[in-house]
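We have chain A; now place chain B onto it with these hints.
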Amino acid sequence: MQTFHFELGELPPAAEALRAEVREFLRRELGDTPPVLRAHSWGGFDRAFSKKMGARGWIAMTWPKRYGGHERSALERYVVLEEMLAAGAPVSAHWIADRQSGPLLLRFGTEAQRQKFLPAIARGELSFAIGMSEPDSGSDLASLRTRAERVPGGYRVNGTKVWTSNAHLADYMIATFRTHHDPTKRHEGLTQFLVDTKLPGITMSPIIDLAGSHHFNMVVFEDAFVPEDMRVGEEGAGWRQVTTELAFERSGPERYLSSFALVLELIRAVSKDPGERAAATVGRLVAHLTTLRQMSLSVALMLEAGENPNLEAAVVKDVGTTFEQEVPEVVHALLGLEPTIDSGSDLQQVLGFLMQRAPSFSLRGGTREILRGIIARGLGLR
Amino acid sequence: MNELRTILGDVVTRLFTDLVTKDLLESAERGEWPAALWQAVEENGLTLPLVAESKGGAGGTWDDAFVVIRAAGRHAVPLPLAETIVGSWLLSGAGLDVPSGPLTIAPARRDDSLRLVRAGSSWELRGSAARVPWGGAAEHVVVVAETEGRPMVALAARGAVVTRDQNLAREPRDTLVFEGSPVAAAPAARGAPANAVWLYGALARSAQMAGGLDYLLRQASQYATERRQFGKPIGSFQVIQQNLAVLAGHTAAAGTAAANAFRAADRGDAAFEIAAAKVRVGEAVGVGASIAHQTHGAIGFTYEHALQFVTRRLWSWRAEFGGEGDWAVELGRAVAERGADALWPHLTAR
Chain A
0 MQTFHFELGE LPPAAEALRA EVREFLRREL GDTPPVLRAH SWGGFDRAFS
50 KKMGARGWIA MTWPKRYGGH ERSALERYVV LEEMLAAGAP VSAHWIADRQ
100 SGPLLLRFGT EAQRQKFLPA IARGELSFAI GMSEPDSGSD LASLRTRAER
150 VPGGYRVNGT KVWTSNAHLA DYMIATFRTH HDPTKRHEGL TQFLVDTKLP
200 GITMSPIIDL AGSHHFNMVV FEDAFVPEDM RVGEEGAGWR QVTTELAFER
250 SGPERYLSSF ALVLELIRAV SKDPGERAAA TVGRLVAHLT TLRQMSLSVA
300 LMLEAGENPN LEAAVVKDVG TTFEQEVPEV VHALLGLEPT IDSGSDLQQV
350 LGFLMQRAPS FSLRGGTREI LRGIIARGLG LR
Chain B
0 MNELRTILGD VVTRLFTDLV TKDLLESAER GEWPAALWQA VEENGLTLPL
50 VAESKGGAGG TWDDAFVVIR AAGRHAVPLP LAETIVGSWL LSGAGLDVPS
100 GPLTIAPARR DDSLRLVRAG SSWELRGSAA RVPWGGAAEH VVVVAETEGR
150 PMVALAARGA VVTRDQNLAR EPRDTLVFEG SPVAAAPAAR GAPANAVWLY
200 GALARSAQMA GGLDYLLRQA SQYATERRQF GKPIGSFQVI QQNLAVLAGH
250 TAAAGTAAAN AFRAADRGDA AFEIAAAKVR VGEAVGVGAS IAHQTHGAIG
300 FTYEHALQFV TRRLWSWRAE FGGEGDWAVE LGRAVAERGA DALWPHLTAR
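Residue numbers (numbering that gives the first Met the number 0), protein chains in the order written: chain A, 0 to 381; chain B, 0 to 349.
Extracted from the complex, chain A is given alone in its bound form (with noise of 0.2 Å):
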């Protein structure tokens, strides 16, 4: 059985001295925000303050200067990300490229790409998507079918990918093709390539999500080609490329503030003297919320180290959407409230959002499932 270890440890005071300056920016930019929309969290798209990101430098942090990153430590980059999540600003325009798509460049792309993508990432000015699902493989990702067929100059795509979460908006996605069929060895023959949203032979239909909105979409290739110089990394190196890149997603911050605009509104709603009741429901959902913050800073604290928490990570993500998915019953629980969509309080309409909202938490970046598979491994039973 691997240990589990979580050592706290202290964010450098240049880390803390960078929130100050995104709290006076956010107070500034978010001004008065309506928590409705403050609880989208990361799914707030608006490339214009993603612009602004960059142009602070809050994009690309940790990369090297001349791919237009700034070489800041990944702990001020965490402070960056607590920070916009906890005001909920709007930053899924280049959430996934800098959090995703950007480090698998750096890691795995070519010379040209990095240059020509990553520059224009960091400024903000580049939204990326992941194809990654498809119709017939959700958790079972070693199944994709979606073929990239070798043609002169390049290859040529067929299939089907599912649950794009804002392809529709995005500039480019990185999605993983089937570029080798062998039934036998489903790992290998997968493919990682840059594929420019607006190509033909793309066609995007949205997928409606139960609340009405749309960031799922469908996305069909019918003899799409991608030239040769967008595939990332070496033909059938795409599996171990997918793993390391869903690694990248995993115990951030992300993962377990999706709720807090609701926390936040409940402390408002019961006021400044509670009942028992109400104080015993803030008191533990703060105690969660403060537990989670110190596990999802060790594993930061320990990425910067060069270690390898991959286990941790994965109990993180875990722990962090079961808490925030319970928020909203919890709420619930206590005050009865009917959830609304946009009439009644602001707690309501957060209640009525991020109720609808919940269920995805445990399923976007690998289902609960599938991490409490991980984690059984790591306690030796698989």
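Simulated from the structure, these hints should not be mistaken for laboratory data.
One thing to keep in mind: the hints can contain errors.
Quick list of the computed label-pair ranges, beta carbon to beta carbon [unchecked claim]: (1) THR5(B) with LYS115(A): 46 to 54 Å; (2) GLU225(B) with GLY305(A): 52 to 60 Å; (3) LYS184(A) with GLY44(B): 57 to 65 Å; (4) ASP139(A) with ARG227(B): 26 to 34 Å; (5) GLY296(B) with GLU233(A): 47 to 55 Å; (6) VAL161(B) with PRO12(A): 50 to 58 Å; (7) ARG26(A) with ALA193(B): 37 to 45 Å; (8) ARG376(A) with THR20(B): 49 to 57 Å; (9) GLU336(B) with THR242(A): 42 to 50 Å; (10) GLY379(A) with GLY44(B): 33 to 41 Å; (11) LEU36(A) with LYS21(B): 53 to 61 Å; (12) LYS184(A) with ALA39(B): 24 to 32 Å; (13) LYS184(A) with ARG227(B): 47 to 55 Å.
Every residue gets a Cβ at the ideal spot worked out from N, C-alpha and C, and that includes glycine.
Quick look at chain B alone, frame taken from chain A:
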């Protein structure tokens, strides 16, 4: 973790693994004081981590104390070790001499009142305290009482035991009565609140419980790889894997919450972190004990199996020095008082 603390961790683990056997736990539950174990713990310098070296202690920090107390919980050590660590810290903070031998702390319940009364140039202790841990076994009792508007620490020789009682793990929880016993007393260290026994008692229990959960996770994971049903280890079934992953999550959260509270204790005002730890760890205990037992099936429900030495302790410890409900109310009131907009700045400043 610094190197000294790693060494300390190795020392306590080896000591407890060797000495805290099933036989020893059973005899302790029959009411026998494990004198040899106490002597070994004292000789290894584990009882006074927070007392200055010049006063016979280890001159360490709460982070060091965490290593010892968590290990004591992991091994179900049947001694007032956590109580001695907290009690000796209170004494030395007040500039009082720390006696050798096991200490306990009182009052252990929020509503019990012990009064420190001036008697000429010295002090007397009056009142009764129920459910004092190891009250009849500890040689001295450390009391914090608000007197003349400030918290005072007093060192009393063991008072008269009027009722012997025990918790679910058959650890002594006795009622002590003091009828004007003469005591040494001095103002508590600056920053130590009048409810220091309650607060730091909760801190100690959170570390013991985090240790107990460590044991449950390791024990249940190991059992799941050994126990075979339907022709294979039960741990190869997804449903068992998922349950144990949940236990792992609660164990990790409990360890983090407790460690965070001990770190805060080193900084000074730790009321927020201690309350959060008692709430979070207590919640983990409820889920964790349930999963550990479910994984073990009927054998884990027997006295024969060692699992119960830990689970019965956990069920008691989570209620001692305030249950999750008490601490959640306290925490929630403080948070509400500061207001919603202060929450995030407060969380990030800790």
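Against the structure, the hints come out as follows:
1. About 48 Å separates the C-beta atoms of THR5(B) and LYS115(A), a value consistent with the hinted range of 46 to 54 Å.
2. Remark: the range hint 52 to 60 Å for GLU225(B) to GLY305(A) is contradicted by a beta-carbon distance near 36 Å.
3. One distance hint, 57 to 65 Å for the beta-carbon pair LYS184(A) and GLY44(B), holds here, with the actual separation near 58 Å.
4. Checking the proposed 26 to 34 Å range against ASP139(A) and ARG227(B) shows it holds: the Cβ atoms sit about 28 Å from each other.
5. For GLY296(B) and GLU233(A), the Cβ-Cβ distance of about 49 Å falls inside the hinted range of 47 to 55 Å, so the restraint holds.
6. The given range of 50 to 58 Å is respected by VAL161(B) and PRO12(A), whose C-beta atoms sit roughly 55 Å from each other.
7. A hinted range of 37 to 45 Å holds for the C-beta pair ARG26(A) and ALA193(B), which are about 39 Å apart.
8. ARG376(A) and THR20(B) have their C-beta atoms about 33 Å apart, which leaves the hinted 49 to 57 Å range violated.
9. Range check, GLU336(B) to THR242(A): Cβ separation about 46 Å, and the 42 to 50 Å hint holds.
10. For GLY379(A) paired with GLY44(B), a C-beta distance near 35 Å keeps the hint of 33 to 41 Å intact.
11. At about 59 Å, the beta-carbon gap between LEU36(A) and LYS21(B) stays in the expected band of 53 to 61 Å.
12. Restraint check, LYS184(A) to ALA39(B): a C-beta distance of roughly 58 Å breaks the suggested window 24 to 32 Å.
13. About 32 Å separates the C-beta atoms of LYS184(A) and ARG227(B), a value inconsistent with the hinted range of 47 to 55 Å.
Violated hints for the displayed structure, listed by number in ascending order: 2, 8, 12, 13.
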